[in-house]
Amino acid sequence: MIAYVTADIQSEVERHIEMGKKFLSQGQFADALTHYHAAIELDPTNYMTYYRRATVLLATGKVKAALPDLDRVVELKQDFIAALVQRGNILLKQGKFDASETDFKKALKSEPNNVEAQEQLNKISLLREYVSEANDYFDSGDYNSAEVLLDKALEHCLWDPDLHRKRAKCRQTRGDIQNAISDIKAIAKLVPDSTGAYLEMSQMYYSVGDAENSLLQIRECLKLNPDHKECFPFYKKVKKLAKLREDLNSAANKEDWLACLENGRKILKFEKDIENVQLDVFRVTCKCNLKSGHIAEAIQECTEVLRYGDENDEAVLCDRAEAYIENEEFDKAIEDYQKAVNAHEGSHRAKEGLNLAQKLQKQASKKDYYKILGVRRNANKREIMKAYRKLAQKWHPDNFQSDEDKAKAQEKFLDIAASKEVLTDPEKRQRFDQGEDPLDPESQQRGFHQHPFGHGFNPFGGGDGGPFSFKFHFQ
1 MIAYVTADIQ SEVERHIEMG KKFLSQGQFA DALTHYHAAI ELDPTNYMTY YRRATVLLAT
61 GKVKAALPDL DRVVELKQDF IAALVQRGNI LLKQGKFDAS ETDFKKALKS EPNNVEAQEQ
121 LNKISLLREY VSEANDYFDS GDYNSAEVLL DKALEHCLWD PDLHRKRAKC RQTRGDIQNA
181 ISDIKAIAKL VPDSTGAYLE MSQMYYSVGD AENSLLQIRE CLKLNPDHKE CFPFYKKVKK
241 LAKLREDLNS AANKEDWLAC LENGRKILKF EKDIENVQLD VFRVTCKCNL KSGHIAEAIQ
301 ECTEVLRYGD ENDEAVLCDR AEAYIENEEF DKAIEDYQKA VNAHEGSHRA KEGLNLAQKL
361 QKQASKKDYY KILGVRRNAN KREIMKAYRK LAQKWHPDNF QSDEDKAKAQ EKFLDIAASK
421 EVLTDPEKRQ RFDQGEDPLD PESQQRGFHQ HPFGHGFNPF GGGDGGPFSF KFHFQ
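At position 344 of the sequence shown (counting the first as 1) the number is 344 in UniProt numbering, and the numbers step up by one without a gap.
What the hints contain is simulated information worked out from the structure, not anything from laboratory work.
Keep in mind that the hints are not guaranteed to be accurate.
What the hints assert, rightly or not - Below 27 Å or equal to it, Euclidean Cα-Cα: the simulated DSSO-like pairs (lysine-lysine) are:
no. : residue 1 : residue 2
1   : K240      : K229
2   : K428      : K351
3   : K77       : K106
4   : K106      : K169
5   : K362      : K408
6   : K123      : K93
7   : K64       : K169
8   : K412      : K359
9   : K332      : K351
10  : K189      : K223
11  : K239      : K332
12  : K408      : K386
13  : K412      : K367
Sequences are here, hints too, so could you generate the full structure?
Here it is, written out as structure tokens:
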């Protein structure tokens with residue numbers, strides 16, 4: 001009866017092993033693990049089952065779970081070369097040089113011609129030197145030299161949390177926050193208690209003004225420990241900033257420029273110490289100021305972002321260029337657009353903006369309807385009409401006595417009327433803003449105006465006897 005039960009169990013074990021091999025070959029790791037778990041539960045003395053399960057665990061990145069299986073394999077069969085080499089490789093990647101060296105030497109003792117074991121053993125002495133020298137540089141504060149050696153060591157010891165932590169410090173010291181975060185992210189996967197790593201990543205993201213990713217990382221900390229004494233208060237702070245940032249972006253996306261500026265002010269009041277948070281606000285509000293007509297403020301904020309952030313930021317370069325156009329500083333606009341084109345060859349906005357700025361620069365040497373009326377390029381219709389009426393009264397030809405003065409006034413008055421015609425007609429104004437003079441026959445592709453007062457046009461919009469009625473006296 002006992003023999004029958006034993007044979008029955010062995011048959012079941014073999015079935016699970018075969019199913020595990022089948023699923024492993026198909027890349028169905030979860031199913032393979034299920035069968036290997038079952039086989040080991042039925043027969044905990046089969047070293048090959050442990051080895052196969054370790055192989056699956058390693059394939060799915062579960063190094064910490066695979067190592068005990070390899071320990072068990074070596075315990076059950078001390079001369080199993082594949083397990084010794086596999087465990088030695090893991091220990092080497094973890095930076096445990098003494099233990100990995102022992103495994104490779106054991107493998108070579110049983111199999112002197114094992115190429116992999118010999119190659120890995122040869123690496124260890126060099127890696128020891130890298131780590132030793134890196135630690136010396138690190139302890140003396142020479143982080144640049146330390147990072148060079150840590151890079152070399154981590155090419156082979158990528159599962160060593162201590163090396164990642166030191167390289168993160170080196171990178172953070174020289175301002176390479178994103179790559180420092182990558183190292184801390186690796187630590188979070190390697191250490192048993194990763195709450196500190198998630199807190200550190202959250203703080204780093206916050207330091208560069210990335211509230212959204214900062215919030216994601218601090219939430220990971222609280223998932224592991226909801227009452228964490230450092231994570232919880234920082235979570236409340238980050239959550240507040242993230243909400244303010246969301247409101248800022250929402251207002252900008254809705255083109256509610258005044259709300260955008262107000263939300264920007266709230267963030268600057270909330271966070272006064274982190275420069276990158278402020279720059280992140282300016283990156284949005286420089287456009288909102290531009291669209292609100294606050295040209296000087298837009299230029300100042302865009303300039304801050306480009307000076308202390310990414311000098312090739314496409315959106316900010318183009319926003320500042322637009323502000324320069326509003327200020328009629330066409331040379332500066334061209335310079336910004338050209339820089340954006342050079343850094344972002346596929347940018348349609350930069351290319352179209354460069355073309356426009358060049359047209360406007362050329363146009364500036366000709367008749368400028370904005371300058372004639374003395375209004376800004378973003379002036380609204382009410383401001384244009386106010387300027388027009390004031391200048392029309394001033395340059396009314398009947399206000400002048402001599403023929404010479406009348407002729408000068410007449411020319412001036414026609415320019416004023418033409419400016420009003422162009423700038424109060426949305427289509428004509430758009431064409432002029434795009435570098436084309438809608439009243440210049442040479443710049444038009446279809447039709448043209450021979451005279452701004454054609455077809456009975458009255459520049460004052462009033463009838464005979466109105467407050468601005470007049471007669472020209474040609475001789």
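Going down the list of hints, with the structure as the test:
1. A distance of roughly 18 Å separates the Cα atoms of K240 and K229; the hinted pair therefore holds under the 27 Å criterion.
2. Of the pairs offered as hints, the one joining K428 and K351 holds, with about 23 Å between alpha carbons and a cut-off of 27 Å not exceeded.
3. Under the criterion of a C-alpha separation no larger than 27 Å, the hint pairing K77 with K106 is consistent with the structure, at around 12 Å.
4. About 37 Å separates the Cα atoms of K106 and K169, which puts this hinted pair outside 27 Å; it is violated.
5. A C-alpha spacing of about 26 Å is found between K362 and K408, which places the hinted pair at or below 27 Å, so the restraint holds.
6. Straight-line distance between C-alpha atoms of K123 and K93 comes to about 11 Å, which keeps the hinted pair within the 27 Å bound.
7. Straight-line distance between C-alpha atoms of K64 and K169 comes to about 25 Å, which keeps the hinted pair within the 27 Å bound.
8. Of the pairs offered as hints, the one joining K412 and K359 holds, with about 25 Å between alpha carbons and a cut-off of 27 Å not exceeded.
9. A threshold of 27 Å between alpha carbons decides the hint, and for K332 with K351 the separation of about 15 Å falls inside it, so the pair holds.
10. For the hint linking K189 to K223, the alpha-carbon distance of about 15 Å falls within 27 Å, and the restraint holds.
11. Taking the CA atoms of K239 and K332, the gap is near 39 Å; set against the 27 Å cutoff, the hint is violated.
12. About 22 Å separates the Cα atoms of K408 and K386, which keeps this hinted pair within 27 Å; it holds.
13. Annotation: proposed proximity of K412 to K367 holds, straight-line Cα distance about 12 Å (limit 27 Å).
When held up to the earlier numbered hints, the structure conflicts with 4 and 11 and fits the remainder.
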